[in-house]
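Chemist: Make a model of the complete structure from these sequences and hints.
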Amino acid sequence: MRLRLTPRDTTFFDMLATLAQHNVTGASLLAELLGAPRSERDAIVHKLSEAEHVADDATHSIMRRLNQTFVTPFDRNDIYGLASALDDCMDAMEEAGDLIVLYKVDQLPLRVSEQVQVLQRCAELTAEAMPRLRSMDQLADYWVEINRLENQGDKLHRKLIAQMFDDTTDPVLLMKLKEIVDMLEEAADAFERVANMVEAIALKES
Amino acid sequence: MRLRLTPRDTTFFDMLATLAQHNVTGASLLAELLGAPRSERDAIVHKLSEAEHVADDATHSIMRRLNQTFVTPFDRNDIYGLASALDDCMDAMEEAGDLIVLYKVDQLPLRVSEQVQVLQRCAELTAEAMPRLRSMDQLADYWVEINRLENQGDKLHRKLIAQMFDDTTDPVLLMKLKEIVDMLEEAADAFERVANMVEAIALKES
Amino acid sequence: MRLRLTPRDTTFFDMLATLAQHNVTGASLLAELLGAPRSERDAIVHKLSEAEHVADDATHSIMRRLNQTFVTPFDRNDIYGLASALDDCMDAMEEAGDLIVLYKVDQLPLRVSEQVQVLQRCAELTAEAMPRLRSMDQLADYWVEINRLENQGDKLHRKLIAQMFDDTTDPVLLMKLKEIVDMLEEAADAFERVANMVEAIALKES
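Chains as they are written, first to last, in UniProt numbering: chain R, 1 to 206; chain W, 1 to 206; chain P, 1 to 206.
Any given hint could be a false lead.
Since the list can't tell identical chains apart, any single copy or any two copies may satisfy a pair.
[What the hints assert, rightly or not] In silico DSSO-like links for lysine-lysine, alpha-carbon gap of 27 Å or less:
#, residue 1, residue 2
1, K155, K47
2, K104, K204
3, K159, K204
4, K178, K155
5, K204, K155
6, K104, K178
7, K47, K159
It is worth saying that the hints were derived from the structure and are not from the lab.
Modeler: Put into structure tokens, the structure is as follows:
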């Protein structure tokens, strides 16, 4: 338990907001990748990979600052956890993009773009919510909506896999597609973990 | 660190016990699904999905009450974690049931029913243990037995997959079966996580 | 918050170091397994499974001691978490070894041995770092290097899968290989989780 004798360092809110903003970039690049002709995919995945490195650096800056700061705006383990969880979203999105190119998949099922739309919405809502951690205000709307989106994404994901099992006769292609689609679902789960963490922090701090 | 000036709210024990009881219902419905003719499966999965919604509501009631309660019987993060972990068990069981219908799997390997028996036993033991959180008494028996069951389930799961690789020649069917069997193993893991969490809480509070 | 009126029990450092040492044994046995003729595999996997049991016992000894000790060298939940995370590394390595035998895989892709080399290096670095928890000294080198290794392992893993998709025409063999290779990647992730946990502990205690 740390005494609050000095003003709290509020830079962490800005740093978390910046990190969350990288996820918005990542989700947009994924959407761009889906619509791109095969010749442009490498370049987009390269940008996605760069965005992932930038997010990694942003995460480590938060860790380093935590290390140097005596008084944090809320529990330092929670800041640590939140930064890691935001970084997990980017990692999953980058891996999904990378697999599309690595596996040389020509055509993704149409509804994969719906999955990516869910991710874009999750990323935007999360980036909008981070600055509100400062006041712990109006955060419930955010985590309720993310949970709703994740539920919707989960249903979509199951139906998409079932449909792929019906439509795709080549088992190797099926394995490739399934792994990409599963990784996109993992990204949605990661956004949900961020929201659950924010909910737990709000519970504790309120 | 909260001072205990007022009597602690013990309703949480009842709420966790109720939530754990929903998992008993879920595991029974899964067992029923395995034995049912294909024509009755939809109805059983519908019931399972309803049970999952009820468990979701029970989980959120716990979260809301945590939000309104100043003095909790043990660390509020632990109550939060326990409720989430109990809900994870139900989610995995519901997903396994849903996949059986979605993937239109006619015949599951016989030993899948052994996996579901392990889940039923885990669910019962967990539901019996929750009220004992009140006194932190005789909980070691519970977590030791769950760990034993999960180990047994894990061995069963590996052998089942190996046997499926030997017996099933259709790779697409194999992928479907593997995902269902893996999801049942995930449910067993979720029950183990609940038990590990109870062990950690007992360590802290003792 | 526990007052430090009595000398802290420093046995925990030795116990965590012993547990980490079992992972070095596990990783060596995995490396031995890859190079062994099929007739010797059962015996090596048997040794690996015994090493896993010994690690399990070591983990539970830590839990029991935590239960009996009033003053711990750092937060008891963190000791608990660290012991569990070290045990997870062993579990994943043992499962990978077991699957190689259970699935009767004759020939693994050559680069699997690179994955196992990464695991051996992770296990060694982790075992060397555990005693340094006593002074919380020079730990940053350890977690930075583990993160680098895990990144390298992750890239290797993705390329290995992509290559398997290109080279292996039998989908059932592909499923078997993929599961083994994924389990090795899971072991690397488990070592990274240990390192992240050490980083978080160092942040808190510094």
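Chemist: Would you pick out the hints that fail for this structure and give their numbers low to high?
Modeler: As far as the earlier hints go, 2, 3 and 5 are violated by this structure, in ascending order.
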